Structures are given as structure tokens and as C-alpha cells.
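Peer 1: Top line first, the protein sequences correspond to chains Z and L.
The first sequence begins at 1 in the working numbering and counts up by one.
The second sequence begins at 1 in the working numbering and counts up by one.
Derived by calculation from the structure, the hints in this document are not laboratory data.
Keep in mind that this is a model prediction, so the values were computed, not measured.
Built from N, CA and C at the ideal position, the CB exists for glycine as well.
One should not assume that every hint holds.
Calculated cross-link-like contacts (lysine-lysine; reagent style DSS-like; alpha-carbon spacing at most 25 Å) [as the list claims (entries may be wrong)]:
{"no.": "1", "chain 1": "Z", "residue 1": "LYS65", "chain 2": "Z", "residue 2": "LYS78"}
{"no.": "2", "chain 1": "L", "residue 1": "LYS28", "chain 2": "Z", "residue 2": "LYS49"}
{"no.": "3", "chain 1": "Z", "residue 1": "LYS49", "chain 2": "L", "residue 2": "LYS22"}
{"no.": "4", "chain 1": "Z", "residue 1": "LYS145", "chain 2": "Z", "residue 2": "LYS126"}
{"no.": "5", "chain 1": "Z", "residue 1": "LYS49", "chain 2": "L", "residue 2": "LYS50"}
{"no.": "6", "chain 1": "Z", "residue 1": "LYS111", "chain 2": "L", "residue 2": "LYS12"}
{"no.": "7", "chain 1": "Z", "residue 1": "LYS126", "chain 2": "Z", "residue 2": "LYS78"}
Computed spacing ranges between beta-carbons, pair by pair [as the list claims (entries may be wrong)]:
{"no.": "8", "chain 1": "L", "residue 1": "GLN54", "chain 2": "Z", "residue 2": "LYS111", "range": "29 to 37 Å"}
{"no.": "9", "chain 1": "L", "residue 1": "VAL61", "chain 2": "Z", "residue 2": "MET96", "range": "41 to 49 Å"}
{"no.": "10", "chain 1": "Z", "residue 1": "LYS78", "chain 2": "L", "residue 2": "LYS8", "range": "47 to 55 Å"}
{"no.": "11", "chain 1": "Z", "residue 1": "LYS78", "chain 2": "L", "residue 2": "TYR31", "range": "49 to 57 Å"}
{"no.": "12", "chain 1": "L", "residue 1": "VAL6", "chain 2": "Z", "residue 2": "LEU172", "range": "30 to 38 Å"}
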Amino acid sequence: MSVATLDRPQVAAPKPQVEDKLTIFAWSGELDKIWPTLILATTGAAMGKETTVFFTFWGLFPLVKNDVRITGENWMQKMLSMMNRGGDEHLKLSKMNFVGAGPAMMGHLAKEHHVASPHELMEAAKELGVHLIPCQMTMDLMGLKKEDLIDGLEEPAGATKALADAQGGMTLFI
Amino acid sequence: MSVAVVMKLDLKGLSCPLPIIKTAKAMKSIYPGEYIEVFATDPGSVPDFKAWAQSTGNSLVESDVQDGVFHFVLRKKEA
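So that you can see chain Z by itself, here it is in the shape it has in the complex (with noise of 0.2 Å):
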């Protein structure tokens, strides 16, 4: 056994893992973790790093347009966009929410603290290059439509490209 291993021809070892890359897979549509989710991706690309946001499932409405209200083509994606309305500036907080009144306050600290909004690091991540993908799989399901978000966004695309491109980086799901 070990002289058949010493006579295999010497293959190179395999590259050491640079952790330049970083994928957040960003599941959540609310205040406290699209917040989070866009202070991480935009300090990731600020350290270099390629840096990829793949938004699913409840995490694809703060990428609705501000300005757009009902979406979807039948009644249950009508009711759907109704009750959870998109855009990064009507967030909801997953905890102490009181009717909007939560985040209303959240923002007004956040000012006082000179601390971005995710409006701002939305827009930050774009100029820094992060990439931002929303899944073609829930836009489907929740009847999103490409002009019912914002731009600067990546082609819509499914688990794949969202894997292969987490491959050999640093992987978030919040």
C-alpha cells in the first residue's frame, strides 16, 4: 500500500482556502435582519472581498420599489403584498414592531446616531459592487415582477448560482 502511494505522481496540494469571498443568503424582509444583512455585505466589499446577496423568500420584499403597493397577478399575491408590504423603507421589526411605531423610533435613533439606513447602505452596497441577486424561484411564487424592483440589481437566478458562488467563501444566512 504505501509503495503503490509513493509511486503516484505528485499532484499539488489543493490552494489553502482564501476566505475572499463572502455570500449572505438574506431570508428575512425585516428591519433587524435586512439591517445587519446590508452592514456585513457593505463592509465586506469595503474589506475586498466579493461580496454576493442572494434575497429569497421573505427576504425579496425589501427589494420592492418604495413607491410600488400592490404586487402580484391573482388575489392571494394581491393580499400577500397588502399585508407585507415591500421596500426598504417600510421595514418591520420581528420583535417590539407596536403598529410601525417600533421602527419609526429605530429610525429616529439611528439618525441621532448618524448610523446608515438601509435605504443608505442599500444604495452603498450598489456603489461598492456588491451583488445583489434576487431568487427567480420566489419572485414566481410571490408574483414579483424585474420592474417592480429596484435597479441595480443582478439577473434574477436560482439555488445554483447562489451556491456556486458562496463555493470557497464565507457564508451568512440571516
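Chain Z is already provided as a structure; the job is to place chain L on it using the hints.
Peer 2: Relative to the frame of chain Z, chain L by itself:
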């Protein structure tokens, strides 16, 4: 400072992650070997600038505090 600082950034009052994002953007506009000077008030920027320099390969040549203002000097890495 005897080194040639080509850009000064006043990032006082800004919170994470803006000091790093603005610094990273500014670093793109200067040449390798040039220096940038940053003033910030976010206490988190002290470990953040250190980590940013380490992970990007740029050098943090000065990091101190004066009257509650954090002061950093960074040198852009050679291409």
C-alpha cells in the same frame, strides 16, 4: 507626521460601518504607498480599522486618540 498624507477624512459622528466604507472608497482613489489620515469618534472604529488593515493588506501606521477623537493613518499597499 513626516509622511505625505494625500487625503484627510473627517468621519466624526459616523457609526459603523460608515467609517470603514468611506475609508475604503477613499483608498481606491489614492496611489499605492500614499497615506490617508482619518478622524472618527466611533469607539468601534479602533478594532475595526486594525482588522480592516490586516485583512486588506493596507498598513495602519498610526492609531491614537486625542480629546475623544480617534486618529488613524493608513498607507495604501503596493499593487
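Peer 1: Does each hint hold? Answer for all of them.
Peer 2: How the hints compare with the structure:
For a cut-off of 25 Å, the pair hint linking Z:LYS65 to Z:LYS78 stands: about 15 Å separates their Cα positions. At roughly 14 Å between alpha-carbon atoms, L:LYS28 and Z:LYS49 fall within 25 Å of each other, so this suggested pair holds. A threshold of 25 Å between alpha carbons decides the hint, and for Z:LYS49 with L:LYS22 the separation of about 16 Å falls inside it, so the pair holds. Simply put, Z:LYS145 and Z:LYS126 have alpha-carbon atoms about 20 Å apart, close enough for the 25 Å limit, and the pair holds.
Taken as a hint, the Z:LYS49 and L:LYS50 pair is honoured in the structure, with Cα atoms around 17 Å apart against an allowance of 25 Å. For the given pair, Z:LYS111 sits about 14 Å from L:LYS12 by alpha-carbon distance, which is consistent with the 25 Å threshold. For the hint pairing Z:LYS126 with Z:LYS78, the CA-to-CA distance comes to about 29 Å; that exceeds 25 Å, so the pair is violated. Taken as a hint, the range 29 to 37 Å holds for the pair L:GLN54 and Z:LYS111, whose Cβ atoms sit roughly 32 Å apart.
Between L:VAL61 and Z:MET96 the C-beta distance comes to about 44 Å, which sits within the given range of 41 to 49 Å. Range check, Z:LYS78 to L:LYS8: about 53 Å between beta-carbon atoms, so the 47 to 55 Å window is met. Look at Z:LYS78 against L:TYR31: about 55 Å separates their beta carbons, and that is inside 49 to 57 Å. The hinted window of 30 to 38 Å between L:VAL6 and Z:LEU172 holds, with their beta carbons roughly 35 Å apart.
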